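Colleague: Below are the chains, spelled out letter by letter.
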Amino acid sequence: MTEKTTSDLVLEQLKQGLALPGDLYTSPTLFAEEVSAIFGRQWLYAGHVSEIPHAGDYLTVTSGDESCIVARDADGEIHGLLNVCRHRGARLVDCGTGSTRRFVCPYHQWAYSHDGSLAGAPRMPDSFDKSRWPLKKVHTSVWQGLVFVNFSSEEEVESLPELMADAAELMNPFGVEDARIAHTEVYEVDANWKLVWENAQECYHCNANHPEFIRTFDVREMAQPTAGEAPLWYSEDRRSQSARFPLKPGAVSLTMSGRPASAKPMGEFADGREPYTAAAHLKPGFAFVFSPDYGITFVDTPVSPDRTHVKVQWLVHRDAVEGVDYAVDNLIRVWDQTNRQDWELCRSVQEGVKSHGFEPGPLSLDETSVAGFYYAYARMMSAAGL
Amino acid sequence: MTEKTTSDLVLEQLKQGLALPGDLYTSPTLFAEEVSAIFGRQWLYAGHVSEIPHAGDYLTVTSGDESCIVARDADGEIHGLLNVCRHRGARLVDCGTGSTRRFVCPYHQWAYSHDGSLAGAPRMPDSFDKSRWPLKKVHTSVWQGLVFVNFSSEEEVESLPELMADAAELMNPFGVEDARIAHTEVYEVDANWKLVWENAQECYHCNANHPEFIRTFDVREMAQPTAGEAPLWYSEDRRSQSARFPLKPGAVSLTMSGRPASAKPMGEFADGREPYTAAAHLKPGFAFVFSPDYGITFVDTPVSPDRTHVKVQWLVHRDAVEGVDYAVDNLIRVWDQTNRQDWELCRSVQEGVKSHGFEPGPLSLDETSVAGFYYAYARMMSAAGL
Amino acid sequence: MTEKTTSDLVLEQLKQGLALPGDLYTSPTLFAEEVSAIFGRQWLYAGHVSEIPHAGDYLTVTSGDESCIVARDADGEIHGLLNVCRHRGARLVDCGTGSTRRFVCPYHQWAYSHDGSLAGAPRMPDSFDKSRWPLKKVHTSVWQGLVFVNFSSEEEVESLPELMADAAELMNPFGVEDARIAHTEVYEVDANWKLVWENAQECYHCNANHPEFIRTFDVREMAQPTAGEAPLWYSEDRRSQSARFPLKPGAVSLTMSGRPASAKPMGEFADGREPYTAAAHLKPGFAFVFSPDYGITFVDTPVSPDRTHVKVQWLVHRDAVEGVDYAVDNLIRVWDQTNRQDWELCRSVQEGVKSHGFEPGPLSLDETSVAGFYYAYARMMSAAGL
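Chains as they are written, first to last, in this note's numbering: chain E, 1 to 386; chain Z, 1 to 386; chain L, 1 to 386.
Here chain E stands alone, though its shape is the one from the complex (with noise of 0.2 angstroms):
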């Protein structure tokens, strides 16, 4: 007799059309489990080609015990380094973004070019070979502007274009690699991981929770679509997906007046291709919306159990210019009270499934798509065979 593992479990939670029970919000040694096997060897976002834009210009991105950097070397080629001195350890540089002609580490010098080679250590034995210790590498991918990596150990991991095949026409119009970094909110959300993701699955909440947001965005459209099409595109592992998001009448941005936010519109949209908005995510971490003026991406990364840090970026053109083309109060205020509308009520149901009487309740006709997460959740975890 084999034990059952998380993901046959979760599957015979969606056969019967329940949510998940509660050890899986709060177990610890499940969480250890989830952070290696699936955001140790899935892509996660690590932030847009614009934050990089100059020969030895760098970025930071950590997950879990975990710090990449992303470099941009002479050439111009991206490499992923794991932010690791291979002397004693110490990160070589702090999280954030940066430039510099090499990477040296603070501690005793160690220095090491943007490919990761080691270029310089002081007062080592004659008989060390420099090249036997360059930084390990972190796989990177960049898909229409946005910067992945993925520190699976692998020599070869999945083809992240491929992975996200689906979005790329839904997407593409919105010129995402031409847009820039206009502010970033980083929240800190008292919530399993997967809670944050089943609420932004559904819209069964919007009505009742989210004013600012239901302003413009239209919930019983997205519901029930009376357009002929699909609304909704996705992988069969539900890993990736995409959809048009439906504005109500009139409105052709996610803001308060459903008017654009920010005058300088993004990619076709400048060249007067019809408005819509879109949405497309990849698990187990990155999600992101565009309207043809701006674009928010989120990132979860989960902490503890109950916790998970979201780092939220707002994009608009590269040329629109804050104070004239855009306010950042008004640009990010649907998104930031939104967000924080949501985080409350993640941290409730965190509370609640705590309980030793919580038993997974039904899903309604809204949380297909909550289905959808258990699903490449099953899926995910299955790969690692738990």
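Hints listed in this document are in silico derivations from the structure and should not be mistaken for laboratory results. All figures in this text were calculated on a predicted structure; none of them were measured in a lab. Accuracy of the hints is not assured; some may be wrong.
It does not matter which identical chain is meant; a pair holds if it fits inside one copy or across any two.
In silico PhoX-like links for lysine-lysine, alpha-carbon gap of 25 angstroms or less [what the hints assert, rightly or not]:
1) Lys-130 to Lys-354
2) Lys-354 to Lys-137
3) Lys-354 to Lys-136
4) Lys-354 to Lys-4
5) Lys-15 to Lys-4
6) Lys-136 to Lys-248
7) Lys-15 to Lys-130
8) Lys-264 to Lys-248
9) Lys-15 to Lys-264
10) Lys-15 to Lys-354
11) Lys-264 to Lys-136
12) Lys-130 to Lys-248
13) Lys-136 to Lys-15
14) Lys-4 to Lys-136
15) Lys-4 to Lys-130
On the provided structure of chain E, position chains Z and L as indicated by the hints.
Modeller: Frame of chain E, contents of chains Z and L only:
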């Protein structure tokens, strides 16, 4: 060979007249067992009936990971409801008290009546049967105006009035059901919940530590009663205990002056009954002390092996008016000071029992009720096979 | 087949000239073993004799869950007493220093003499035998005015003067027993205690990180001594180590200017002895560095796998007067700055060694004392069978 249970170990210490080993105050494993086996099965004080006088009123009570709503329905009946939505598990209400027509989950607006039945759930499939998804019940019982809950999942639980039978006659004259809450303090104590209990069970420490308390409390009379009658009643298993609280000559209330803190006497004392002060408790978490003019309730909630949450409330006659009949400062001074002095002593013991060199010492003649606590603890653990 | 012990693993790394695996800095299990097997058995620095000059004086020292009172009795003898009442376990005194006629437990007033004997215990049964309940002893030893304690439960422990024998001649001229404490700083370092030690064992990192320190300290001379004599003495097991601390030409003290920070030279330097600076340490927690005019003591106390408490004290001649002979700012500047720079480096390494991709790197020619620390660590662990 079977391993020794915690209850066996405690009974052995008792036989030798010794305190308990340090591990019992520091082990996370034991702590989790206690929360489940004791606090998850015993009656816990939830609040006073005056907090929910009208139809639609509710109060909440939390214990560890559990949260319960105590609601009064249209017929005046009181219901205990697990504060966990049957859909996805969100808390229905935040902690505190309130009044509502229905309990509507903030997440997806599932709505419940005061008896817990599910009254509405939008966007569920046609096959969905509301009657199958009421809020889970939590046992409730009211004794002399004090509302208790019991999170046990058993169909039947012990009768609270039977448990409190010994205390009934002693406490009855205070008319506790006609009181109301005048003040609440919540203390975070850096000590194991058992140390908080042990501290409350003896006045061996009072003379040196509680200058305000001993202005009126007669420590010597408590320790070596001169009266003919026994000063102490308790149930065979020592869970429930009650006693007259001897005051020094001339004092009629546990106040700084010995005079009443509230001008409105409670219960039979309004009719001229001879004043006395009395205390009772119900392990594992509840104690109260009443003088003719005011009373105080204590609720101990374990938070972690070295942290206990103590909620203390001061009660006066429901017709007493603040600023006219009593001043809060004067009402709470003796017990608030005494509590703070006690928490510091408890913290000091928690520090000491962590030492590898700690060995339980011998109990004094004035610590027989500490032994009584050990016995009740052993019995409660033993009931769960621990 | 027996599993590899931690000490075996460390010795294997040493053979290859490599640093230690990341697990050794993050494992809670190993941390608990270290606290018990190393800090629970070795000599730990408690304080300076000048803190307890008179009969009745005491100081306290804590290490993990242990707290010890070092008390001077009426005959001037020094006693180490476990700071845990034999009755219920309360702390007898809070941390710090003081003077008292008796140690009276704040809880129930059990009273102890300075040699730990129980002098009074109220309300105990007639059968109670006070002589059976003295405070537990903690081993103490004084070396050159420095008081050490040892929490080992063994009847006999190693001789401290023998352990420090190699350092005696070098340190003797400083007359440390005639010093007094001029200033204390307590630092919380976000790193494992071993990283704090490793950092203190090499100056490979000094030039780039310690601008104040290298104003006078001669890094090159330390690394590649030109003098004929060996600059370093150490015990066979590397627990105890001492060395001259080479200063740059013209400097006579580790200060910003190289001039003395205190106008009252210590020990034989008051009689015109040729100035020099020297350092010594006793693992696992103590180090000190003396210039002719002032000295500094370090005590490392492990708090958790990634947290270490470092107490640093500056000593001057007991007759030196603040504001006349020295200014505190000037006295502490070099080491306080150097410490803060070091803690940041330690934190950075702690971050890095958590990575799954971290592999221990090769030690440089300037890290031989780091290897010495690894060796002493392996020996101390091995002594406990770990």
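Colleague: Hint by hint, note whether the structure agrees.
Modeller: For each hint, the structure was consulted:
Taking identical chains as interchangeable, the C-alpha atoms of Lys-130 and Lys-354 lie at most 25 angstroms apart only when they sit on different chains, with a minimum of 24 angstroms there against 52 angstroms within one chain. Taking the shortest alpha-carbon separations for Lys-354 and Lys-137, only the inter-copy value of 17 angstroms comes in at or below 25 angstroms, while the best intra-copy value is 39 angstroms. In this assembly of identical chains, the alpha carbons of Lys-354 and Lys-136 lie at most 25 angstroms apart only when taken from different copies (15 angstroms versus 40 angstroms within one copy). Taking identical chains as interchangeable, the C-alpha atoms of Lys-354 and Lys-4 lie at most 25 angstroms apart only when both belong to the same chain, with a minimum of 21 angstroms there against 31 angstroms between chains.
Within a single copy, Lys-15 and Lys-4 get their C-alpha atoms as close as 16 angstroms, which meets the 25 angstroms cut-off; across copies the closest is 44 angstroms, which misses it. Within a single copy, Lys-136 and Lys-248 get their C-alpha atoms no closer than 49 angstroms, and across copies no closer than 40 angstroms, so neither meets the 25 angstroms cut-off. When the C-alpha separation of Lys-15 and Lys-130 is checked against a cutoff of 25 angstroms, the pair qualifies only between copies, where the shortest distance is 20 angstroms, while the shortest distance within a copy is 56 angstroms. In this homomeric assembly, Lys-264 and Lys-248 come within 25 angstroms of each other (Cα to Cα) only inside a single copy, at 22 angstroms, whereas the closest approach across copies is 63 angstroms.
Proximity of Lys-15 and Lys-264 under a CA criterion of 25 angstroms is satisfied in neither setting, with 47 angstroms inside one chain copy and 63 angstroms between copies. Taking the closest pair of Cα atoms, Lys-15 and Lys-354 come within 25 angstroms of each other only inside a single copy of the chain (23 angstroms); across copies the shortest separation is 39 angstroms, beyond that limit. Taking the closest pair of Cα atoms, Lys-264 and Lys-136 never come within 25 angstroms of each other, the shortest separation being 41 angstroms inside a single copy and 54 angstroms across copies. For a Cα distance limit of 25 angstroms, the shortest separation of Lys-130 from Lys-248 qualifies neither inside one copy, at 61 angstroms, nor across copies, at 32 angstroms.
Only between protomers do Lys-136 and Lys-15 lie at most 25 angstroms apart by alpha-carbon distance; the minimum there is 24 angstroms, versus 43 angstroms within a single protomer. Taking the shortest Cα distances, Lys-4 and Lys-136 never come within 25 angstroms of each other, neither inside one copy (36 angstroms) nor across copies (28 angstroms). Within a single copy, Lys-4 and Lys-130 get their C-alpha atoms no closer than 48 angstroms, and across copies no closer than 31 angstroms, so neither meets the 25 angstroms cut-off.
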